[in-house]
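Protein chains in written order, with the working numbering: chain A, 1 to 348; chain B, 1 to 348; chain C, 1 to 324; chain D, 1 to 324.
It is worth saying that the hints were derived from the structure and are not from the lab. Model, not experiment: these values are computed from the prediction. One or more of the hints may lead you astray.
To be verified - Capping the alpha-carbon separation at 27 Å, the derived lysine-lysine pairs in BS3-like fashion look like this: (1) K305(C) with K241(B); (2) K305(C) with K48(B); (3) K251(D) with K48(A); (4) K251(D) with K51(A); (5) K241(A) with K305(D); (6) K39(C) with K48(B); (7) K39(D) with K280(A); (8) K42(D) with K241(A); (9) K42(C) with K48(B); (10) K51(B) with K251(C).
Stated by the list, open to error - What the simulated footprint calls covered on chain C by chain B, stretch by stretch (three residues with Cβ under 8 Å from a Cβ of chain B suffice, anywhere in the stretch; the number is not a length): (11) 3-17; (12) 57-64; (13) 86-98; (14) 114-124; (15) 165-174.
Glycine residues also receive a C-beta, built at the ideal position from the N, C-alpha and C atoms.
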Amino acid sequence: MTSAREAEPGGSLSEAQAAGLDREDLLDIYRLMLVTRGIEERGQLLYKQGKIPGSFYTGRGNEGSAVGVARAMGPDDVGTPLHRHVGVHVVRGVEPWRIFAQFMGRQDGPTRGRDGNVHFGDLALGTIALSSHLPSTMPVAVGCALAFRIQQQPRVAVAWYGDGSAQRGDVHESMNLAAVRQLPVVFVCDNNHYAYSTPNRLEYAVEHLADRAAAYGFEGVVVDGTDVVAVHREARRAIEKARAGGGPTLLESVTMRLEGHAVHDDASYVPHELLAEYAKNDPVDRFRRWLAAEAGVGEDEQQALAAAVRHALDEALHRAEASPLPDPATLLDGVYALPDALDAPHHR
Amino acid sequence: MTSAREAEPGGSLSEAQAAGLDREDLLDIYRLMLVTRGIEERGQLLYKQGKIPGSFYTGRGNEGSAVGVARAMGPDDVGTPLHRHVGVHVVRGVEPWRIFAQFMGRQDGPTRGRDGNVHFGDLALGTIALSSHLPSTMPVAVGCALAFRIQQQPRVAVAWYGDGSAQRGDVHESMNLAAVRQLPVVFVCDNNHYAYSTPNRLEYAVEHLADRAAAYGFEGVVVDGTDVVAVHREARRAIEKARAGGGPTLLESVTMRLEGHAVHDDASYVPHELLAEYAKNDPVDRFRRWLAAEAGVGEDEQQALAAAVRHALDEALHRAEASPLPDPATLLDGVYALPDALDAPHHR
Amino acid sequence: MAERTYIEAITECLRQELRRDQRVFLLGEDIGGFGGAFKATKGLQEEFGPWRVIDMPLSETAILGSATGAALMGLRPVAEMQFADFVSCAYDHLVTVAAKQHFRVGDAIPIVVRLPSGGGFSGGPFHSQNPESTFAHIPGLKVVCPSTPVDAKGLLAAAIADPNPVLFFEHKHLYRSIREEVPEERYTIPLGQARIRRAGDDVTVVTWGAMTWTAAEAAVTLEAEGTSVEIIDLRTLQPWDREAVLTSVRKTSRLLVLHEDTRTAGFGAEIAATVAELAFEQLDAPIRRLAAPDTPVPFSPPLEKAFIPQADDVVRALQDLAAY
Amino acid sequence: MAERTYIEAITECLRQELRRDQRVFLLGEDIGGFGGAFKATKGLQEEFGPWRVIDMPLSETAILGSATGAALMGLRPVAEMQFADFVSCAYDHLVTVAAKQHFRVGDAIPIVVRLPSGGGFSGGPFHSQNPESTFAHIPGLKVVCPSTPVDAKGLLAAAIADPNPVLFFEHKHLYRSIREEVPEERYTIPLGQARIRRAGDDVTVVTWGAMTWTAAEAAVTLEAEGTSVEIIDLRTLQPWDREAVLTSVRKTSRLLVLHEDTRTAGFGAEIAATVAELAFEQLDAPIRRLAAPDTPVPFSPPLEKAFIPQADDVVRALQDLAAY
Ligand SMILES: Cc1ncc(C[n+]2csc(CCOP(=O)(O)OP(=O)(O)O)c2C)c(N)n1
Ligand SMILES: Cc1ncc(C[n+]2csc(CCOP(=O)(O)OP(=O)(O)O)c2C)c(N)n1
Ligand SMILES: [Mg+2]
Ligand SMILES: [Mg+2]
């Protein structure tokens, strides 16, 4: 028995337009998904070439969900994306070369080599860097929403998490506080069926994680996360509801982790049938087919777009590779913020 | 909209008998409630006399809930009672004089003066001492249930908490684990309307805390905690269901904290009407009236019982006052367990 | 100037900060109408309303995590833990998120966590702890432990102005027992500066919080015996004022480190280790540490008295040191 | 005897304990079919079934809290944190419940928490930490940090037999890089006994975990220069073997304390402070500490190399000490 609303598919072009996406927006979303996938595919190559230290994670299969939600945010909204959310950073405007520099631990990555992978954020772009401890930035997102409420600003915070991290206590405290204070926050659970090797059935025992919204007093919605149009529509609804003072929503976006947990993991524990089923619904392919069928985006236009993305990413990669490794003499800098840190625009 | 089942009142004598309580049991429950209240009333006097160091908390208003649940447990069941649950310890067989000794920080209290108040437990009696950090013993109770499941023992764990502590992350992790593994545990939430000075509406935003059971995949039940017969019936159902392999239940028992949070708190923040309403349903009085009306327990019998309890507690108090304060030379003992600690029956 | 107790000085500071800066707000359990378990925020919700003095659910991680979020959005949250002990429930947030964010990504997190700490009232194992050493070990956190009303007010104002997460330990024993003249206008005392609580020549005691008063009591006895004791009140542990300690030890050549937190790997070890390295040649006696023994804080008065260092214990330690 | 890597020795110990004692069981994230992030439990669920090698949800508090409950019911849980870093999420349980229960009420809590720790692989700030000092400060917890396959196996067996909560830090860098002959049968090595890793006369190095190997490398260089280095591998921090350290320092009169955890208020401070107090007269040079600087663990290789003490750093520190 589920208490969550099961969202309709994205539907036709006119339905998408009704949900605020004109043809240009749709092409932009497609481009953003290609950029996201392109960044991670190049990341995997870089890893194999030994250019990425440590480990490497991708969000393959999650592009539609990440981009769909992020594209629904307003310019002043903020969010706490996690390790499957390169797409969120792409939408918010992080230049791809800086992401490559980050992967490679270079000086020009957003963390200047202090952290790796997608462990970064940029307050000016409305993103807060994740900590590995999942989902420890969820209460932080709720705090952003609290600040918006205190200051009566029409802004919304988006807090991402996964089917695994859904089981951590931080989620409970965050959602409850958001509900009690009716804060403008949207909780987005990317349920990709696994937490590392752990399948859903060993993680939780309800039909949908979105059913948990009812336990706090707000709405839960389940959406097909491979359907970017539907994801976008539901995210937009939830975000605008929050902005209008309607309080939080829990949006569960059901996807599949199309690769292993990280580069070292071949995901042999995932049943073939499950993977095969979702491979058919690879969000990028699916959206390409949708664009062709519903929005008349032909082969040529698609190819041109893909080529432009490829070209831009090749350049970005070059630029990143030219970035130096950080100087070890700088190690001690910045453990503590200095008083002028509070001169940043958002602290004034 | 609630997803929890709202339990019927305790009903008539024959209904109570159908739920497993014969007249003797009912009188025993009444006695246990009198003992519980008597211990705490004497505790308050002791505090005023300066004989109790630190602070002092009572569970006035919670006697029916505490005794009702504890009386439904089997002899090999275990539980993690909290600070409003002197009644649980009374039912499990802690001798009152040792509770007084505990309050006064004496050598013969169950913690030998190392901790105060209701901060004690006795594994041999199936209770695990609370830590103040609420409700940090809830995952411990779930671990007891896990041990029962691993060893295929027909035992059940009871985890108590409150409307305030319901908002801590530990609750979420505990309930979810219990659900995923279908563990034999019953979660009992004594909702007494307040967490210290904080009213329900600033704590959570659902109708019943028992509604949260649905978020994990098990049953939630709300019962009137001032009605010991109903509490007992619902606790017994939940416990026997767990014992039979039916997994966890969340039982929310709605009561009122009839006094301040602790001795120093006059609870002036509680609306008079609310207190007055619940004063009418003081669980001890209510049960006395019920016994008279439904079970033919007349004034004489009641008075005799009350006198016996008074007498026993007076003696207990004397005995406790004769217990010495602990010897400071023993302070360093027992920080670490020695190997023979594992010779205790439950470790073999 | 007006006479203020330690806790009144804190309340006054909070009121002044709330008045002068719209970005400052308070959050915690029971801090609103009730004014907090110790009444440090009494009257503030009345003056500033429920969105600047916010009653929170029993959710320490949500309290500190949301403080961090609000700080990132430009506000200046001052959170209260009902007792310092309960900060363990939000340990992960402080250590994992708040402490490391600026080093990793350059985002300043100006939050203050107020922590009523310390024993002496039979609070037992969970209402008496002094967890300052634990946090002083974590790079990125600041740790403040004032001992007087004047310091409490000025250090709290500095903590609120600081762009980093600051753990502000208020010793419960001092709340109402210590009273002095406190400037009425706002002022700040820089974090990281020790104060010479008492000047002396023969032995140095380095300490903080309530133990400064215990040390002062002992010093009177020693003085009567002809031993002159210098007491350094560290005031903040992170950053801590090495120079003040080294200067004093170079003068007296004898050091006692005193604290109420438990001994092993307590912050006293850091002080002793630092002095052992940097003032080795100037020492005329082994560095002594006096601290609570390695046990939880016991409840019953005779046990608790044996646990918390007493003036007599300090006297004996100083006599030993002076005689070495 | 058979050659075993450090991690193989751990797996072998777990298998032997599971075989010999029905009460032992394992719990953690991804430890079942997957065998754990580092494969320490590979094959064990197959042999012992899903109720003795239990895959847990991503819930560190539930993992350690339920371990405690099961221990109170007579079982011997061995929990795995996927990385030592994540133990911060269950800090409250360990410090509040597990550490204090025996002192308070006399209930023994025989649990073991396995913690893959340490850096050197660009794991970054959240997959590289060495939080042993934090827990060594908490009375009631034991802390073990083995450096060799033989020690890992014997100390883990002792930890499982111990009636207290034991934090067992496994250094990830050693998992597959260190290999030696390990007795096949079960054996235990008592907690609290240091091992003289290398005997020497001129300088003492006290260290543990992966740093013992760094120290050993440095000692070779020093030896070539004519300085004889004694290396004490503490093996356990709580309890720690003061006598072994004091005996060595009384012989060499020079002490370097070395660790990979950050410096300020790290456990090295405790060792230095203890020696400064108890071997004051025997010291011919200031006690030096070499540790990671007070920053989070950085990701990028040049930064991480500057963070983790390297053999060269140890050489320099030892040369300084020897020349003092
Ligand atoms: C508190 C915590 N425990 C363990 C881990 C190790 N870990 C990293 S990702 C992961 C699985 C997360 O699952 P989910 O939330 O579903 O996100 P996904 O990786 O599937 O996108 C685990 C266990 C962690 N990062 N944080
Ligand atoms: C983690 C934690 N935070 C704060 C406190 C301080 N405190 C003690 S009791 C209490 C209220 C608890 O409310 P509830 O769970 O409803 O139990 P009640 O006291 O009402 O029976 C609070 C806030 C605590 N004990 N533990
Ligand atoms: Mg997942
Ligand atoms: Mg309550």
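We went through each hint and held it up to the structure:
1. K305(C) with K241(B): 49 Å, violated
2. K305(C) with K48(B): 22 Å, holds
3. K251(D) with K48(A): Violated, because 52 Å separates the two Cα atoms, which is more than 27 Å.
4. K251(D) with K51(A): Violated: K251(D) and K51(A) sit about 48 Å apart, past 27 Å.
5. K241(A) with K305(D): 49 Å, violated
6. K39(C) with K48(B): Within the cut-off at roughly 22 Å; holds.
7. K39(D) with K280(A): 32 Å, violated
8. K42(D) with K241(A): Distance of about 48 Å is beyond 27 Å: violated.
9. K42(C) with K48(B): Holds, at about 26 Å.
10. K51(B) with K251(C): 48 Å, violated
11. 3-17: Result for this restraint: violated, n = 0.
12. 57-64: holds (count 6)
13. 86-98: holds (count 3)
14. 114-124: It holds, with 4 qualifying residues against the three required.
15. 165-174: violated (count 0)
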